[in-house]
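Visitor: Sequence:
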Amino acid sequence: MQRGMLYVPMDRNVSYLIVQWLPTLSGIWKAEGEEAKAAALEQFMEGMMLLEDAFVKCGKGKDFFGGDTIGYLDIALGSFLGGLRAFEKMANIELLDETKTPGLFGWAERFGSNAAVMDVIPEIEKLVEYAKMIDARSKAQ
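In terms of the numbering used here, the sequence shown has 4 at position 4, counting the first letter as 1, and numbering is strictly consecutive.
Hints were generated in silico from the structure; no laboratory data involved.
We put the beta carbon where it would ideally sit given N, CA and C, even for glycine.
It is possible that some hints are incorrect.
[To be verified] Label pairs and their computed distance ranges (CB to CB):
{"id": "1", "residue 1": "140", "residue 2": "22", "range": "36 to 44 Å"}
{"id": "2", "residue 1": "116", "residue 2": "136", "range": "16 to 24 Å"}
{"id": "3", "residue 1": "30", "residue 2": "125", "range": "18 to 26 Å"}
{"id": "4", "residue 1": "136", "residue 2": "60", "range": "38 to 46 Å"}
{"id": "5", "residue 1": "98", "residue 2": "140", "range": "17 to 25 Å"}
{"id": "6", "residue 1": "139", "residue 2": "110", "range": "31 to 39 Å"}
{"id": "7", "residue 1": "61", "residue 2": "26", "range": "17 to 25 Å"}
[To be verified] Pairs of lysine-lysine, DSSO-like flavour, derived with a Cα cap of 30 Å:
{"id": "8", "residue 1": "100", "residue 2": "126"}
{"id": "9", "residue 1": "89", "residue 2": "37"}
{"id": "10", "residue 1": "100", "residue 2": "89"}
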């Protein structure tokens with residue numbers, strides 16, 4: 001591991017949570033009917049609440065999962081932030097909610113506006129266009 005990379009024992013649990021939780025996002029999109037969509041959204045939000053709790057425990061009141069600076073977990077979760085925001089826009093739902101997950105909401109704002117990543121995260125509109133193109137192709141097949 002490189003110097004400066006913060007890795008604590010809990011990180012493995014959070015990493016596992018992210019791997020298990022992110023696929024539930026597609027369940028919201030693929031759900032047919034309002035009841036199925038609501039159930040998929042509830043499952044996704046349960047994961048968000050677990051991530052909120054993990055952020056509070058890992059971040060210990062600091063700006064990022066690793067503390068004062070962006071660390072491994074911030075990069076792992078932050079790499080999905082653009083896609084998550086695009087999904088919110090396409091599905092017309094709010095997944096990062098300031099009232100339900102205030103820690104993650106603030107983290108996302110800080111992560112996205114950090115000089116090290118702000119020019120790397122793709123524009124939401126471009127991600128939405130790309131996702132619509134992929135969705136159209138998959139429906140055509």
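Visitor: All the hints need checking, so say for each whether the structure fits it.
Guide: Now for the hints, and whether the structure bears them out:
{"no.": "1", "hint": "140 to 22: 36 to 44 Å", "verdict": "violated, 26 Å"}
{"no.": "2", "hint": "116 to 136: 16 to 24 Å", "verdict": "violated, 34 Å"}
{"no.": "3", "hint": "30 to 125: 18 to 26 Å", "verdict": "holds, 23 Å"}
{"no.": "4", "hint": "136 to 60: 38 to 46 Å", "verdict": "holds, 45 Å"}
{"no.": "5", "hint": "98 to 140: 17 to 25 Å", "verdict": "violated, 38 Å"}
{"no.": "6", "hint": "139 to 110: 31 to 39 Å", "verdict": "holds, 37 Å"}
{"no.": "7", "hint": "61 to 26: 17 to 25 Å", "verdict": "violated, 33 Å"}
{"no.": "8", "hint": "100 to 126", "verdict": "holds, 28 Å"}
{"no.": "9", "hint": "89 to 37", "verdict": "holds, 16 Å"}
{"no.": "10", "hint": "100 to 89", "verdict": "holds, 18 Å"}
The structure does not agree with the numbered hints 1, 2, 5, 7 stated previously, though it agrees with the rest.
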